[in-house]
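Participant: Spelled out from the first residue to the last, the chains are:
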Amino acid sequence: MKIPKYLQDKISVILLNEKEELNQSKYEITDNLITLHSIDNVYLFIGDYHQSKIELDILSGSNIQLYMIFKSSKQRDYEFKFNIHESAQLDVFTDIRNIEKVKVSLKRIFNLEKDSTLNINNALLNIGETILFDEVNLNNEFAEVSIDQLNIGSYNDVFKVNQDIKHNAKSTKSQINNSLICNSTAKLKYSVSGYIFKGNELSVCDQDNKGIILSEFGEIEVEPKLFIDEYNVEASHGAAIGQIDEEQLYYLLSRGLSEMQARSLIISGYTKPFINKIQDEDIKLMVERQILKKINEGDIV
Amino acid sequence: MVLEIKDLFVSVEETMILQGVNLIVKGGETHAIMGPNGTGKSTLASICMGHPKYKIVSGDILLDGESIIDKPVDERSRMGIFLAMQNPTEVPGVTNFDFVKAAKQTRMEEGKHLRVGKFILEFEGASKDLKMGKGLAHRFLNQGFSGGEKKRNEVLQMKLLNPKVAFLDEIDSGLDVDALRIVGENVTKMKSKDLGLVLITHYQRLLDYIVPDFVHVMINGKIVKTGGLDLITKIDQQGYDWVKTELGITDFDRRKEPVSLGFCATKSIK
Ligand SMILES: Nc1ncnc2c1ncn2[C@@H]1O[C@H](COP(=O)(O)OP(=O)(O)OP(=O)(O)O)[C@@H](O)[C@H]1O
Ligand SMILES: [Mg+2]
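Quick note, the sequences are listed as chains F and V, same order. FYI, the numbering for the first sequence is 23 to 323, going by this note's numbering. FYI, the numbering for the second sequence is 112 to 381, going by this note's numbering.
Calculated directly from the structure, the hints in this document are not laboratory data. Treat the hints loosely; a few may be bogus.
[To be verified] Pairs of lysine to any residue residues, derived as SDA-like cross-links and limited to a Cα-Cα distance of at most 20 Å, are as follows:
hint: 1; chain 1: F; residue 1: Lys299; chain 2: V; residue 2: Asp209
hint: 2; chain 1: V; residue 1: Lys164; chain 2: F; residue 2: Pro295
hint: 3; chain 1: V; residue 1: Lys164; chain 2: F; residue 2: Glu268
hint: 4; chain 1: V; residue 1: Lys164; chain 2: F; residue 2: Tyr272
hint: 5; chain 1: V; residue 1: Lys182; chain 2: F; residue 2: Gly264
hint: 6; chain 1: V; residue 1: Lys333; chain 2: V; residue 2: Arg316
hint: 7; chain 1: V; residue 1: Lys212; chain 2: F; residue 2: Pro295
hint: 8; chain 1: V; residue 1: Lys164; chain 2: F; residue 2: Gly264
hint: 9; chain 1: V; residue 1: Lys212; chain 2: F; residue 2: Arg285
[To be verified] Stretch by stretch, here's where chain F covers chain V in the computed footprint (C-beta under 8 Å, at least three residues):
hint: 10; segment: 178-186
hint: 11; segment: 339-346
For glycine and all other residues, C-beta sits at the position ideal for the given N, C-alpha and C.
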């Protein structure tokens, strides 16, 4: 099997494909455990891999940018566990890029130790049925997570997403930003929960969900939930789901943009901030193309 | 350029707001429209731009002799109508620069492309003229802008888009003294025989910087009085009561619909 073109120049690449593993990195893989350390960009490509459970250790003090790229052509059910050790930082970029209409289920559990930071950027731009379950456990003081997710559904795509953030220690912080776009008869269902358990004061737990529905039969459903059992904390949630804002449209039209231009500019307002956060230029370009494709495919504008 | 508003009646959600407005604005002229809150000044500007919320019941709007009331908003803009809005809309995720560039591009002749390098300089020049600060280009359109920044951003767009007729709806509200002067000077600099200006304002101070040729008073959806600069001073000092007295306007004749007097009462039919 060959390394995809956009990964060929990368230094640390791990490919898990069918029954094959191609490890072009300094990291060892033993019994489905990958241990990452120091400062590095790591590209993990997963294509119809036969194992369903994989564990990743991010060693103390390291700073890893991990690009997880999934490409499945048959039904898959993966479970990942991440242990992010003290003072480590992990930036995970996730891109599910199925080209066939398959069902993929991805469950990930992130355990964070003291002073560790996790940034998750998820691009859900694939077709078919997708189930994503991200659980983040902020197990020690000063652990922080931020999640930015862009999800575009067209045709009859179905996305079921669960995001659970558990504040298991004092002074922990979480922030979720979901940007959802839905067309045709696609369905996007989100359950976004933040838990702050008793005694875990000075924690911050925020979530913001925004969505635009571009068609009559598209559906976006977001259930933002906060379970707070402590007074001295900061928590907020917001969900703004609706059609393209008429006043925004009017404003752009009043400066001469055609309706099509105006609509696509407003939509790009949802996608741009997400794209801008992607550090790797090759991946960024690829995601941009995929967004365009997804938008044009579904006749979004 | 001539913009002609002819006996215009406009409603919003079944309520008649404009009740027979007549106004002619020619290139090179500056008109000020003053009037109490809620009398329809913004409605007049919005209907000329084509806001979908407002419905024309009768009358016409002509630009250079051609009726525009069936034209979509974007076409009106490209024909040269500009509206600096009383409350500019925030558009998250879209940068100010990308937006203005896209707007500018719509004005290019077929087959021609905007020279981006040149446009960047133009944009920077305009934002410097308006003392808008460096980061502006890459901030999201009006998002988190202060009241004054939003207003200046409207004037910036006007500078870059070169309209034929521009409505400035309370461009002075939210501006501090210095910003008012800057905006005033910039708009005055844009004055030319090809540009018709309509200033909607409540205060004399804006009109000290942008001197109008005509001053109109709008009450209850109608232009009831037109005059010169002396009218501004009088309104500034005395308000509108004298106009109403002079013209015999009461506050109750504004809506044509029957007025409900409440439960169990009879309706007063006018
Ligand atoms: N959607 C609406 N439904 C009902 N009435 C409306 C609606 N929008 C505006 N109006 C009414 O139309 C009238 C005219 O409003 P307009 O904004 O044109 O006033 P204005 O003269 O610009 O006032 P101001 O000086 O306060 O800006 C007001 O009484 C306002 O309440
Ligand atoms: Mg107004």
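Participant: A separate judgement is required for each hint: does it hold in the structure or not?
Facilitator: Hints and how they fare:
1. With a C-alpha separation of about 18 Å, the suggested pair F:Lys299 and V:Asp209 falls inside the 20 Å cut-off, and the hint holds.
2. Using a Cα cut-off of 20 Å, the hinted pair V:Lys164 and F:Pro295 is violated, with the two alpha carbons roughly 31 Å apart.
3. Using a Cα cut-off of 20 Å, the hinted pair V:Lys164 and F:Glu268 holds, with the two alpha carbons roughly 10 Å apart.
4. For the suggested pair V:Lys164 and F:Tyr272, the alpha carbons sit about 10 Å apart, so the restraint of at most 20 Å is met.
5. Distance check on the hinted pair: V:Lys182 and F:Gly264 sit about 27 Å apart at the alpha-carbon level, beyond 20 Å; violated.
6. A distance of roughly 24 Å separates the Cα atoms of V:Lys333 and V:Arg316; the hinted pair therefore is violated under the 20 Å criterion.
7. A distance of roughly 19 Å separates the Cα atoms of V:Lys212 and F:Pro295; the hinted pair therefore holds under the 20 Å criterion.
8. At roughly 19 Å between alpha-carbon atoms, V:Lys164 and F:Gly264 fall within 20 Å of each other, so this suggested pair holds.
9. Annotation: proposed proximity of V:Lys212 to F:Arg285 holds, straight-line Cα distance about 16 Å (limit 20 Å).
10. Counting residues of the segment 178-186 of chain V whose beta-carbon sits less than 8 Å from any beta-carbon of chain F gives 3, enough to reach three: the coverage restraint holds.
11. With 0 residues bearing a CB less than 8 Å from a CB of chain F, the segment 339-346 of chain V misses the requirement of three and the coverage assertion fails.
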